[in-house]
Amino acid sequence: MTKTFPLAVLLAASTALPALADVNVYSYRQPELIQPLVDAFTEETGIAVNIAFLNQGLTERLLAEGKRTPADVILTADVQHLADAVAAGVTQPVESDVLEANVPAEFRDPDNHWFGLTSRARIVYASNERVADGEVTTYEDLADPKWKGRICTRPGTHAYNTTLTAAMLAHHDEEFTRDWLAGVKANLAKKPQGNDRAQIKSVWAGECDIALGNTYYMGKMLEDEEQRAWAESVRIVFPTFEGGGTHVNISGVAMTAHAPNPDEALAFMEYLTSPAAQAIYAAANHEYPVSAEVEPSDLVAGWGSFTPDNIDLMDLSHLRPEALRLTQEVDFDG
Numbered sequence: 031m032t033k034t035f036p037l038a039v040l041l042a043a044s045t046a047l048p049a050l051a052d053v054n055v056y057s058y059r060q061p062e063l064i065q066p067l068v069d070a071f072t073e074e075t076g077i078a079v080n081i082a083f084l085n086q087g088l089t090e091r092l093l094a095e096g097k098r099t100p101a102d103v104i105l106t107a108d109v110q111h112l113a114d115a116v117a118a119g120v121t122q123p124v125e126s127d128v129l130e131a132n133v134p135a136e137f138r139d140p141d142n143h144w145f146g147l148t149s150r151a152r153i154v155y156a157s158n159e160r161v162a163d164g165e166v167t168t169y170e171d172l173a174d175p176k177w178k179g180r181i182c183t184r185p186g187t188h189a190y191n192t193t194l195t196a197a198m199l200a201h202h203d204e205e206f207t208r209d210w211l212a213g214v215k216a217n218l219a220k221k222p223q224g225n226d227r228a229q230i231k232s233v234w235a236g237e238c239d240i241a242l243g244n245t246y247y248m249g250k251m252l253e254d255e256e257q258r259a260w261a262e263s264v265r266i267v268f269p270t271f272e273g274g275g276t277h278v279n280i281s282g283v284a285m286t287a288h289a290p291n292p293d294e295a296l297a298f299m300e301y302l303t304s305p306a307a308q309a310i311y312a313a314a315n316h317e318y319p320v321s322a323e324v325e326p327s328d329l330v331a332g333w334g335s336f337t338p339d340n341i342d343l344m345d346l347s348h349l350r351p352e353a354l355r356l357t358q359e360v361d362f363d364g
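Residues in the sequence shown are numbered consecutively from 31, following the numbering used here.
What the hints contain is simulated information worked out from the structure, not anything from laboratory work.
As the structure is a prediction and not an experimental result, all values here were calculated from the model.
Every residue, glycine too, gets a C-beta built ideally from N, C-alpha and C.
Some hints could be false.
To be verified - Mimicking DMTMM-like on lysine to aspartate or glutamate, the simulated pairs with C-alpha atoms at most 20 angstroms apart in a straight line are:
| # | residue 1 | residue 2 |
| --- | --- | --- |
| 1 | K221 | E323 |
| 2 | K176 | D209 |
| 3 | K176 | E159 |
What the hints assert, rightly or not - Each pair of labels, with its calculated beta carbon distance range:
| # | residue 1 | residue 2 | range |
| --- | --- | --- | --- |
| 4 | P292 | E90 | 35 to 45 angstroms |
| 5 | K221 | A331 | 28 to 38 angstroms |
| 6 | G332 | P305 | 20 to 30 angstroms |
| 7 | G236 | Q122 | 15 to 25 angstroms |
| 8 | E359 | P292 | 41 to 51 angstroms |
| 9 | L252 | A162 | 19 to 29 angstroms |
| 10 | K220 | Q86 | 21 to 31 angstroms |
Whenever a hint applies, use it, and build me the whole structure from the sequences.
The structure is reproduced here in structure tokens:
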């Protein structure tokens, strides 16, 4: 049996968890996105799963609850939230041969606090009408004056963009990255605001020619009758860093430091990382499985191939504060 409960219900029931569920999950991802996995897990194991969706404040919630937390597992949509949870001490290391076999080393925490489930690339959505093939090649190129008035992006202070800026720092130095941020800002068609899909809508509307976004938004827009035209007006281009690959981020899972049901939590984590579950999860979210042995969906595969950048994800999380500082120094969102 699978149930989805509001956060308040989970908290109120923290003294009677066995009667409520076998695994409680705090998730930054909408419950419906992981429901196919939950249903398959429950059918296979008989272990019920409760999902509490949080828009923000997951780490702060776990800190406030302390040992009384009802949460066994956290799910996030990017590596930075995982790194923040580890730094705050609200996760615990998990030793599992299954997890290590299912998740490549580059997609898991060196100390086994978190494990990747899916990956996505942060790419360029280019207008089919106004951007020629081969016109976009590198992330560094986005600061070239040829793009003046042609770029749209969500705020530079958003986690997706600060992680990209952290990757630029990893490949270059502070001075180069600051100049790059200033160059991209000078090329913006309008003030950064809205989400990734809003930027692609702006390309469709002719307000800009290229937009930064995550790959999975293409799939989400194609599923939406109103947004399908936005998706059909652009194509995915995979830029690279000079001397590197295409920037990627991950969704991931971790066990909470005070998980009341650690055995069931481990079973859920091992299932989530299994090849079958990776295929289900990646297809549902239009992402890439972290295991190279698991094929992406036909839709995702149709976007083309790319070489992921080789910068360690934890290195990016450590560079993010500096990336955020530089973004604010150039007043990127101003």
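Tested hints:
Note on K221 and E323: the hinted pairing is violated, with a Cα-Cα distance of about 41 angstroms set against a maximum of 20 angstroms. With a C-alpha separation of about 16 angstroms, the suggested pairing of K176 with D209 holds against the 20 angstroms cut-off. In summary, the hint linking K176 to E159 is supported, as the alpha carbons are separated by about 17 angstroms, within the 20 angstroms threshold. Between P292 and E90 the beta carbons are some 22 angstroms apart, a value that contradicts the proposed interval 35 to 45 angstroms.
The hinted range of 28 to 38 angstroms is satisfied by K221 and A331, whose Cβ atoms lie roughly 36 angstroms apart. Distance hint check: the CB atoms of G332 and P305 are about 21 angstroms apart, consistent with the given range 20 to 30 angstroms. In this structure, G236 and Q122 break the distance hint of 15 to 25 angstroms, their C-beta atoms being roughly 51 angstroms apart. For E359 and P292, the Cβ-Cβ distance of about 44 angstroms falls inside the hinted range of 41 to 51 angstroms, so the restraint holds.
The hinted range of 19 to 29 angstroms is satisfied by L252 and A162, whose Cβ atoms lie roughly 24 angstroms apart. The beta-carbon spacing between K220 and Q86, approximately 25 angstroms, falls within the hinted interval of 21 to 31 angstroms.
The structure fails hints 1, 4 and 7 (numbered hints given earlier, in ascending order).
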